Amino acid sequence: MLTYIARRIVYVVPIVISVALVCFLLVHITPGDPLVAVLPADASQELAAQLRAAYGFDRPLPVQFGLWLLRALHGDLGNSIATGRPVLAEVMRAVGNTVTLAIAAAIIGFTMGILFGLIAGYFRETWIDKVATSFAIAGVSVPHYWLGMLLVIIFSVQLNWLPAVGAGPSGSNSWTWDWAHLKYLVLPAITTSVIPMGIVTRTVRALTGDILSQDFVEALRAKGLRETGVFRHVIKNAAPTALAVMGLQLGYMLGGSILIETVFSWPGSGFLLNSAIFQRDLPLLQGTILILALFFVFLNLLVDIAQAAIDPRIKRG
Amino acid sequence: MLIKKNKTHAALIALLALGTAAACPRVASAETVLRIGMTAADIPRTLGQPDQGFEGNRFTGLTMYDGLTGWDLSSADKASVVIPGLATEWKVDDADKTKWVFKLRPGVTFHDGSPFNADAVVWNVEKVLKQDAPQFDASQVGVTASRMPTLASAKKIDDMTVELTTKEPDSFLPINLTNLFMASPAKWQAFYDKAEGADAKAKSQAAWTAFARDASGTGPWKMASFTPRERLELVKNANYWDKARVPKVDKMVLLPMPEANARTAALLSGQVDWVEAPAPDALPELKQRGFKLYANEQPHVWPWQFSRVEGSPWNDIRVRKAANLCVDREGLKDGLLAGLMVPATGTFEPGHPWRGKPSFEIKYDKAAAQKLMQEAGFGPNKKLTVKTQTSASGSGQMQPLPMNEYLQQALAECYFDVQLDVIEWNTLFTNWRRGAKDPSANGANATNVTYAAMDPFFALVRFLQSGMAPPVSNNWGFINNPKFDDLVKKARQTFDPAARDAALAELHAASVDDAAFLYVAHDVGPRAMSPKVTGVVQPKSWFIDFSPVSMKQ
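Top line first, the protein sequences correspond to chains U and D. Every letter in the first sequence is one number past the one before it in the working numbering, and letter 108, counting from 1, is 801. Every letter in the second sequence is one number past the one before it in the working numbering, and letter 339, counting from 1, is 340.
Honestly, the hints are just simulated from the structure, not real lab data. You may find that some hints are simply not true.
[Claimed, not checked] The calculated DMTMM-like cross-link candidates involving lysine to aspartate or glutamate, where the alpha carbons are at most 25 Å apart (straight line), are:
id : chain 1 : residue 1 : chain 2 : residue 2
1  : D       : K98       : D       : E127
2  : D       : K204      : U       : D769
3  : D       : K490      : U       : E739
4  : D       : K438      : D       : D422
5  : D       : K237      : D       : D215
6  : D       : K92       : D       : D243
7  : U       : K876      : D       : E32
8  : D       : K168      : U       : E739
[Stated by the list, open to error] Here are the simulated distance ranges between beta carbons:
id : chain 1 : residue 1 : chain 2 : residue 2 : range
9  : U       : L754      : D       : P381      : 50 to 56 Å
10 : D       : S467      : U       : I722      : 34 to 40 Å
11 : D       : E331      : U       : D871      : 52 to 58 Å
12 : U       : I722      : D       : P483      : 42 to 48 Å
Just so we're clear, the structure is a prediction, and the values are computed from it rather than from any experiment. Here a beta-carbon is modelled for each residue, glycine too, at the ideal position from N, C-alpha and C.
Construct the complete structure from the given sequences, taking the supplied hints into account.
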């Protein structure tokens, strides 16, 4: 197992370097001026050139990349051009908010997804299956931002039950798990949970149906094992694949959704990315993409290790 | 039993009375809070020189800070003009027109209690102009230096008098100084002394970062709490030097909400009391539900800026005039924009001190436009192809795609064949500085970048003076008109305010007579608010004074 973990970690190194290179280059090859955030409309070329030199944007790209990577390895992602604040602190605060949202959405989405998937899998080709499958299809098909706005119109504008935007009441500077804060989380979390709910439902339904049709299940039943025991076997066999799918979904959610976070003004990583793109704040953009990509890479690593721990066949492969 | 019941009632009544009595003073002294949904995606910078354009100046500049000069925002009918701020009076040196003496307002203190004086002015000028000053901050230079392009240095004469020097005689300086906000040197120094850093530059940067979290200016609002990207809470400065502008509400909460529908929903659900730029299609519902809408002409122009390089079709004044006469601006306003624009007949409209008396009247006259085009050699069978660069969105761009498509349709009736080159906003912005001759113009002979018209340099000079052609500034089309150059010089070197205004009016009238741009619209800065919000004056300005705003309980 340790060898497997070590091998997986070694694989991660070139991926991380490639990710760093790609996110550095992506924001440099797009047209436009990186100093838009701090240059007013009428700034002369002379002033623009002066500031470009001050921020180091006049240096050759490989030099810029080398310096950026070196600083990044020391935990310094530079300062935001727009706000002057350290990028790492900005990103970590936003990621914290996104993690809060992702946890809530994962709880809702995975619970509903597993439940619907198991029900649909056990009752294949019945009306129950059709209802659950319809939910799943709607979940992956409905446009997020549309659903978010619909929920806001119903629950905030019309019924006035829940706040439409923000991540906490006035005067609150940090997240706490009380109702005053949780009510801000309800609508964005439900909106975010819809896609994972749909995907997990479909996955679990397919796995359950597949496992139930296998010979070993018949053998277990023939041996007189109760349905609860059969169910445990179904769960155990479905778990590695379902876990992988949920891991990926969690990764996507941890990346934050620009649309959902913008619709709800939820100050997470998606909202931060939107600001960074809008202001063309290169250090912030690079730092945010890098941190999110690293999250994704390490989350995949953890999922791989977890899968291997559950199913020993995987590490042999 | 009856007695017992009566006693119980009496006790209840007494309790209620006590409760009411206890509650009354609390109600009377309840904190009034005004919550505003901004269009910005983040709180504009709070350290004195805000980013995010004039929305930044509106919310974190003019609230917490003052400049030596300021804007009169007290009228919804008259154009906003420059008035004394932290300087009570100023005068240019008769012998050397590059030197100005500013008399400072006595008795003003920063929010931290330190005095505002000549040293503070010098310190604030040097924060953006003197590279070897400890407080020099490159991140504040960009949003400041080009808004006062001729300011060179500041010198203390005495505690309450300061001398400012410009690189060349420039009568626009007092107007430009509205953009230089006075931050507290004492507060910054305290942060600097505590800061950790490898060198003075690192300490300085750390001090500015700390200052942004706990800012100190002289303005009518003081920073109470700041959560980056989430909210800024300001409380009223009861000791503000201008007693008439001490805020009426106790607290103002600023919330970034970049999405128009989210802002509107927040207002409709009672989460905020005021939103900037509500979603246009929600206006009927907002009105129907009793929300108040405010809009007024802003110093802002939505134009096509013509290329005047060799071979450009716009070099023929008949073509420029024809385009200006071929657009039904009222139709654009009432149809596409639901009333949220003012038709432009120049950079400044009648009533503005810099309007002047142009002889060319910009209006909708299709017949006259067609006649001009025919005189220029075009007609139904020989259309003139023109190409315009624009963006799909962007700061101040209003609704660029549908508006440009409207122009495309309108101009087609006057024998124009308009081709649109739609590019990303920041790219368009960058190209704007590069000019019509640059390959990035992609062969376009007009560009559609909106502009602020707060001061003469922003509104006129950078576009009309030949010396402002790229790479110097925004004369994108390389206009080279000696008359404009002479009038710019005259306006810059006229130091009597009334005579300077007259010179600027002459320059503006000349630009309209020359149909220098295709003038289309002015934005109106729409905002919507709860009926509880009272005392709002929406001036003809990008800015607004929050001091007279009250909240009904």
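Return the numbers of the hints above that this structure violates; sort them in rising order.
none
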